[in-house]
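This is what each chain is made of:
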Amino acid sequence: MVTLTIDGREVTVPEHTSILEACRTAGVKVPTLCYLKGLNEIGACRVCLVEVEGIDQLVASCNNEALDGMVVKTTSPRVRQARKANVEFLLSRHDTACTSCVRSGNCSLQTVANDLGVTSLPYKVDLTHREWDMDFPLIRDADKCIHCLRCIQVCDRMQNTGVWDLINRSSHTAVGVTGGAPISETDCALCGQCITHCPVGALRERDDTERVFDAIADPDTTVVVQIAPAVRAAWGEPLGLSHDEATVELLAACLKQLGVDYVFDTSFSADLTIMEEGSELLRNVAEHPGELPMFTSCCPGWVRYCKAHHPEMVDHLSTSKSPGQMFGAVTKSYFAEQAGIDPHKIFSVEIMPCLAKKSEVDIPAMSDACGDPDVDVSLTVRELDRMIKAGMVVPQQLEEVELDDPLGTYTGAGVIFGATGGVMEAALRTAHAIATGREADADAFKDVRGQDGWKEAAFDLGGTPVRVAVAHGLGNAEKLIQAVNNGDATYDFIEVMACPGGCVGGGGQPIHDGEERAEERGEVLWELDREMPLRRSHENPQIKAVYDEFFGEPLSEKAEELLHTDHHAWKMPTEA
Amino acid sequence: MARLHVMERSEAQAVMDGLHTALEHRLSVSSLAPCPVEFTAAYIAMCATQSCGKCTPCRVGLNTLHDLFDEVLENRATPATLDLIERTARSIYLSADCAIGYEAADMALTAIRGFRDDFESHVHNHACGFKQSELVPCVSGCPAGVDIPGYISLVEAGRYTDAVKLIRKDNPLPLVCGYVCEHPCEMHCRRGMVDDPMNIRGLKRYAVDHMDQDYVPETCEATGKRVAVVGGGPAGLSAAHYLSGMGHDVTIFEARKHLGGMLRYGIPNYRLPHDLLEQEIGWILSSGIDVELEHPIDDLAELKDFDAVYLAIGAHGDNRLGLPGEDAQGVISAVEMLRAVGDEMPPDFTGKRVCVVGGGNVAMDVARSAVRCGAEKVTIVYRRRVADMTAQDEEIAGAEAEGCELLELHAPVSIEANEDGVVTGLRVQPQIIGGLKRGRPAPRDAAAEEVVIPCDIVAVAIGQKILSDDFASQGIPTKWGRIQAAEDGSVAEVEGVFAGGDCQSGPATVIRAVNAGKVAAGNIDNYLGFNHEVSCDVELPPVQFKGKTSCARCEMTEREASDRTCDFDLVEHGLTEEEAHQEASRCLRCDHFGFGAFRGGRIHQW
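Chain order of the listed sequences is A and B. Residue numbering for the first sequence follows full-length UniProt numbering, beginning at 1 and increasing consecutively. Residue numbering for the second sequence follows full-length UniProt numbering, beginning at 1 and increasing consecutively.
These are computed hints drawn from the structure, not numbers from a lab. Model, not experiment: these values are computed from the prediction. Ideal Cβ positions, reconstructed from N, Cα and C, are used throughout, including at glycine. Treat the hints with care, since some could be wrong.
On the chain B side, residues computed to face chain A include the following (Cβ under 8 Å) [stated by the list, open to error]:
#1 LEU84
#2 ARG87
#3 LYS548
Computed list of chain A residues with no C-beta within reach of chain B, every gap over 12 Å [said to hold, decoys possible]:
#4 CYS34
#5 ASN64
#6 ASN168
#7 THR173
#8 GLY179
#9 GLY180
#10 ASP214
#11 SER279
#12 GLU291
#13 LYS389
#14 ALA444
#15 MET532
#16 LYS558
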């Protein structure tokens, strides 16, 4: 432990603690813009400067260790002036059109500038106006970038992808796509983690809300919305709702208020995914014992990464579509039939914690039900929240409504799809029942939960040993694949989610700068699961009904046609 | 009013002079990473400040040129802009009245031609295409990529053994390099912007001189693979060390009586004492490396039982002058002389006058050795100027201090001999220095008569040859004697054979040879089907930001010249404890601050 003095207060912190974290321990507020604990402690923005006795210059508190006997001042005139000057420098290279920025009100630069009392700009504003492909799901506005370099670190170190880099030097240093390539020609997985870790509005999703508003406004169109499991853990955050208040039923009420015709739950098709993927797994283990593992395919960010970086593994991806796509296919076939609606007049919307889904819905092969895209629009949770606000909907004044029938029924297994380990656990609950004919305790497979980046476990499914692994965050997935490729690890079934913590930490979720909320949101899902009367996908009565009435059985010809896909039917830009 | 004024230095002029000196300091810290376009643009802007403003091309043209560079940097340029830049620079070059203008334009032309690819990358991709990147300046400047800030921090903390351990992760010859490394790292040291670059070699030497006791090198589990290393110089020793550490069974075949290659047979004892060299080699061998001394390899078939072969035979042949009289008695080659010195059998030059032909480090080594062999007079004859000598400044100064005469601008014509065929003198033609030719000023014959320098010995030190003919005849590809190997050290045509060091690069530095050996070791390991990682578990002390402080560099001192010329004992004194700690504390820790903070300041394993 080391003891130092911060603004006259003695603080004791463990060795190797940064001055910044020591200040936080002492309850001393220090502004930051570039700092991301553990990932970007680089002293780039120079806003966290403090004064350290004995050193003439100011010290970046994020990038310097607290040492025994150190005397730190955080409020001296020099500190205040230097911090303010650095924010003014950043503002002279920042498009300050806050009124038309998605991050207005949730922008660290705005907050820090306000906190430091910046009331006018002493410097000439000089913006670069770099062009961007506005059709791509990920939008970057160079004029808002403050060069905190977090996106580069997140993409490189967390996600092992390297889409972002510094593309020029010295005064022309700019963050951009590596080598200046067009973004649509990169192997960007569209995990969206760069967006959720951006302190300002330089990175955002393509806004598709107007298309949904237009569909709602069209009297000839039936708007069907599905809500992904992880959405219920976060949608209320920017609207001032607690987790207890922000239920999926209240969200359904908001959507109905906006004019949506049917509100369903992707958790239903998560159950359907389990039936298909679980059966696929048991078939694979039985038919090809000892072969390379089967990977889950419900995360389109992971599928994109796998195709771009590990083409040798693509044939090991489950052919099951993601729950969102299964839902779309069922909506424009089974549901259209049941409800007597022309599927061409259905506008199918998914609300996802995800950016990659925006590219998934545009894959031409994902139009199996009636020839139109199975899902027309994928919205992030942030877009959903903007729609609620734009529709002047005040959730606090609404009563919860039940989700619609028949695709609104789901089990706890479907809900946990949104958290790391959830798909695996849901699959094992059902696979165990299919393999043994007996029900295992719903919590029997909980070893795959938790925030470790790479988890593994082995279970016995009626005499068949099944070795499973779970990775979340593409950097962790990469390590796992390397180990499998090198023969250092052997598994039968591997769950990969591109985002740390799973979809609850998804790149389409609400943003809280400097906070990682995946674990807390995941708990919401695990808690919902615990409280559900039905916790195994095969117990879902609607699942039983949809097989009885429509698909016959898992992996049937019809199921293969609507619920499975060929991962080779489309290519990543960098794929051979 | 007075008719004339005595020139006085105004305060403003003093400030201006100070800025110029600071600029010189700053520019002398060569950076490995600026964007070529950005650098040239700034260079032109700087040049424009020197314009008096009288003539058009300089006053207007240079700024116009700078604006065009800005267009490139601000992504407003098209391919036509590049042509316009070239045309503009050419016009300024052709028409400026004085050097301020035409030299600036000439630099711009050189840049746009030399960096054409990068200019085009800016135009087409709106991104700099210059790939070179500098994480930590000194580390980027070190061919072996030694973790310099890391070991300096350990020296500062008094942890000398740990410092040596950390160096050995990338360079198994810290002692050798502590004494004789050319320290290219120091050229890039950012501390040079403040006052002087760090004395990095001095700190390395301090660490090796003061480590507690040597530890035994760690080795991995035996792999059962056998590797032959041909040549026991720095490249061979380095490869052998890492390969042995990885668990391979290594045998070094050395043609001479002692290991060390040029460390022993090129560098005299007074710069690198043989007992210290032996100590370092002994440490390397202690991991269980087999050595076959006086076992030259002429026939690769002899090594057929090995799973891989590393050729590191160095450059031990001598270049001849090709002048009349060269076969006279008393003409010796540098290689021959230094080999004798290396084998502790120095020639006796008592009362003799020696002419050394050449201007490189080897020439200095020969001259200074000749002094120690009792020569009455030693003259270093060089066809260019002293300023153009390739020898390090401290070597030239050392030779001068020890009484060697430097005869610059004299080109040898022939060697004079008496009727018995014994050297009597060196005939030389005075030279006049001319313009630059391939970056160096070229001399030509001056309008003056040839002169004869009376002497008894002519030592020829004009470069070394690689003795690779035997291998060439066995299918090893060579070019001008150099063995042709790929970037990974592998010899394309011959399965399992790798090559590196002087025999591949041509005569170069110790640290480049060390790197060649390290690179070969890593790739031979992979070739043998393994992927052993080399790392170091030394934990570094916490980094402390010190802010701007002023403290000049401590230099090593030397024994008095009159004393040291009597023997072959070590000339240089190491830093004192006080000096070493002060010196270490000057490090700006670019591994932790600056770009190192962002991209990571160290490579933990390779």
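Non-conforming hints, listed in increasing numerical order: Violated: hints 1, 2, 4, 5, 6, 7, 8 and 9.
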